[in-house]
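Asker: First residue of the sequence shown: 1, per this note's numbering; consecutive thereafter.
These are calculated hints, taken from the structure and not from any lab test.
Quick caveat: nothing in here was measured; it's all calculated off a predicted structure.
Watch out, some of these pointers could steer you wrong.
Think about it this way: if two alpha-carbon atoms lie no more than 30 Å apart in a straight line, the pair counts; the simulated BS3-like pairs of lysine-lysine are [to be verified]:
1. Lys190 with Lys74
2. Lys190 with Lys174
3. Lys43 with Lys76
4. Lys178 with Lys74
5. Lys105 with Lys178
6. Lys174 with Lys43
7. Lys74 with Lys194
8. Lys178 with Lys194
9. Lys43 with Lys190
Cβ-Cβ distance ranges computed for the label pairs, FRET-style [unchecked claim]:
10. Gln123 with Leu48: 37 to 45 Å
11. Ala163 with Lys190: 26 to 34 Å
12. Lys43 with Asp91: 25 to 33 Å
13. Gln123 with Gly47: 36 to 44 Å
14. Glu49 with Val122: 35 to 43 Å
We put the beta carbon where it would ideally sit given N, CA and C, even for glycine.
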Amino acid sequence: MSNRFFSSHYILLPEGQIGRWPIIHFDDHGTIIHIEPDFEKFKERPGLEFHSGMMIPAFIDIAPTNIHFNPDVKLKNRHFSRGTIILGVSDVASCEQSGFPLLVKSLDDGSNLPQEAGRDAVQVNTPLFERVRSCSGFPISQLANICEQASEAGSFRDLGQLATGKSPGVLLLKNFDKTNWTLLPHSEIKWLIKPHVGVSNR
């Protein structure tokens, strides 16, 4: 990957703010060099990749250690295809793997996470995006809250936010309610940039 410029109709900024007509400059490792703040003066430029929808950060899906989760390859691929980059597991031995999503030891105390961020025994195999999408009228701003709190709780400081200096991975969100800024049952995401991260077992 070389330096790239991405734009879209909208962007999910830290703390749940939604910006319009953003331009994000990434380096060759997927780290955000700059986000142009003046959304009202959007201009096309050579090499700019425009995507219809909203750019959002990749998901971090962790849970308390009392939730047993030992995913097979097919299930890990499903989580990653739905936008999850970090996936917490209860068995630390399961963390010895490469590729995405990165498996890390789940938190001993996940009580500070938003309710939607924590898996329970019933929905342990369901990707985070599918869980929140199934909640009627789930606010898109809450996705930022989930990503930010999970990154802080898990000490994944470079992830969770579309902000300068971060390398969170970028998803494109499509088919959402632009009046109320909520997810719809048929909302979809696709990968734009996969992050370049290394996470040790925790």
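Asker: Run every hint past the structure and note whether it holds.
Answerer: To see whether the hints hold, each was checked on the structure:
| no. | hint | result |
| --- | --- | --- |
| 1 | Lys190 with Lys74 | holds (18 Å) |
| 2 | Lys190 with Lys174 | holds (8 Å) |
| 3 | Lys43 with Lys76 | violated (39 Å) |
| 4 | Lys178 with Lys74 | violated (33 Å) |
| 5 | Lys105 with Lys178 | violated (37 Å) |
| 6 | Lys174 with Lys43 | holds (22 Å) |
| 7 | Lys74 with Lys194 | holds (19 Å) |
| 8 | Lys178 with Lys194 | holds (26 Å) |
| 9 | Lys43 with Lys190 | holds (24 Å) |
| 10 | Gln123 with Leu48: 37 to 45 Å | holds (39 Å) |
| 11 | Ala163 with Lys190: 26 to 34 Å | violated (21 Å) |
| 12 | Lys43 with Asp91: 25 to 33 Å | violated (51 Å) |
| 13 | Gln123 with Gly47: 36 to 44 Å | holds (41 Å) |
| 14 | Glu49 with Val122: 35 to 43 Å | holds (39 Å) |
Checked against the numbered hints listed earlier, the structure breaks hints 3, 4, 5, 11 and 12; every other hint is satisfied.
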